[in-house]
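Participant: Same order as they appear, the protein sequences are chains A and B. The number in the numbering used here is simply the position in the first sequence, starting from 1, with 18 added. The number in the numbering used here is simply the position in the second sequence, starting from 1, with 18 added.
These are computed hints drawn from the structure, not numbers from a lab. Some clues are possibly wrong.
To be verified - Just a few of them, taken from the derived set where beta-carbon distance is under 10 Å, the chain A residues facing chain B:
(1) I50
(2) A51
(3) T57
(4) E89
(5) A92
(6) H145
(7) L146
(8) W177
Unchecked claim - To give an idea of the interface, some chain B residues facing chain A are shown, with a C-beta separation under 10 Å as derived from the structure:
(9) F43
(10) E60
(11) Q74
(12) R82
(13) G84
(14) E89
(15) M91
(16) V155
(17) P168
(18) E211
(19) A215
(20) T217
As the list claims (entries may be wrong) - Reference listing, derived: stretches of chain A covered by chain B, where coverage requires no fewer than 3 residues with Cβ under 8 Å from a Cβ of chain B:
(21) 65-73
(22) 154-168
Backbone N, C-alpha and C fix where the C-beta goes; we use that ideal spot for every residue, glycine too.
Number of protein chains: 2
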Amino acid sequence: MDIAGFTPELLPYFGQAAYFQLGMFENLALAIAIAPDLTAKEALSVAAGRALAKHQGLVAEIRRRGGEPSEVMAPFAPHLDAFREQTAGADWNELLLSCYLAGGLLDDFFIRLSDGLPGDVGPRVAHLLGQDAGTEVLVTHLKAAIGAAPALGSHLALWGRRLVGDTLLVARSALPMEGITAAESRIEPVFTELIAAHTRRMDGLGLTA
Amino acid sequence: MDIAGFTPELLPYFGQAAYFQLGMFENLALAIAIAPDLTAKEALSVAAGRALAKHQGLVAEIRRRGGEPSEVMAPFAPHLDAFREQTAGADWNELLLSCYLAGGLLDDFFIRLSDGLPGDVGPRVAHLLGQDAGTEVLVTHLKAAIGAAPALGSHLALWGRRLVGDTLLVARSALPMEGITAAESRIEPVFTELIAAHTRRMDGLGLTA
């Protein structure tokens, strides 16, 4: 099922998805830089590598169509940079939760949106973005931290609620306004699904969404 | 020709080389974070991916031998963290030069040291570490910056001279002291070669080594 019969324009789709993955990579690299121990650093480096591989796969799709990646990504930089700044968090736990929740939701979203891409592009992109993000380490660390300090759970639950709002705005911004208005009733269920998957991620951490 | 008949112990060799590549990756990720434009960011992400791939290849060698990567790397963390701090530089240009010069010299060094590893391990590691580091983008940016501001050239030449000293100390620390003393006269030519390659990198940038 494609997203309400919505066909994203190819290069802007790739540009936004590629810049998002680059930002994910940068956030994970920041998490590596402030990791409390070498085991965490090492495990996070796997997740950073996965985000980078997704970014590079999307960049390859841009180049394949004669696009210059930096030019194709540029229109999305101000909005996504602001998003990263808002969601980077004040510490290690908030940053990990951001990487896990925003990364999970927007991977889901761009996979969903890829259904509307022409020919074999959609399945290829869905395969690329659907690969294991290597973020199980984030879950392990967050669960341990929440288990050790229950007050952290309610703090991170609030943080998670704020994150999902900001993240859904990024997803909405990938859809042209007229498309949203015309197809609002058909797009709504897609967002409902994205939120349901988000809630499962929160539940998995023992957080109330 | 192996390095003065010196056989490095396998796990410590991999631990130090793996942690060094992780630090290279972290430096390149920092360079991405402060990159002045999207084109630079994008090109640096390729170099960061290469350093990460080398790190992960070395980590795989540690795992293959039943080692726990974080434990095997841990003894080298304090020294290499201090090295990174000393050589991170005060700005974008200094950081790029560090990545290029220290990365180049220590890639050369660990490749050279791999000659003494048993069986097919040496050639496999040399192949891994000898892969294109994707650092041509660093050269391009540094040459452009030096071309635009000749005073920067003498500033960076000084920085390069400081870097090579610190970097050679890291290389020396990979050799046990008794090995160095016993084989000093045979190891010296290897360091001479490393310095010659460093000088070629400096020359390529138009800097006096």
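Participant: Run every hint past the structure and note whether it holds.
Facilitator: Okay, the hints, checked on the actual structure:
| no. | hint | verdict |
| --- | --- | --- |
| 1 | I50 | 6 Å, holds |
| 2 | A51 | 6 Å, holds |
| 3 | T57 | 4 Å, holds |
| 4 | E89 | 8 Å, holds |
| 5 | A92 | 6 Å, holds |
| 6 | H145 | 19 Å, violated |
| 7 | L146 | 15 Å, violated |
| 8 | W177 | 22 Å, violated |
| 9 | F43 | 7 Å, holds |
| 10 | E60 | 5 Å, holds |
| 11 | Q74 | 7 Å, holds |
| 12 | R82 | 15 Å, violated |
| 13 | G84 | 16 Å, violated |
| 14 | E89 | 8 Å, holds |
| 15 | M91 | 6 Å, holds |
| 16 | V155 | 12 Å, violated |
| 17 | P168 | 28 Å, violated |
| 18 | E211 | 31 Å, violated |
| 19 | A215 | 28 Å, violated |
| 20 | T217 | 32 Å, violated |
| 21 | 65-73 | holds (count 5) |
| 22 | 154-168 | violated (count 0) |
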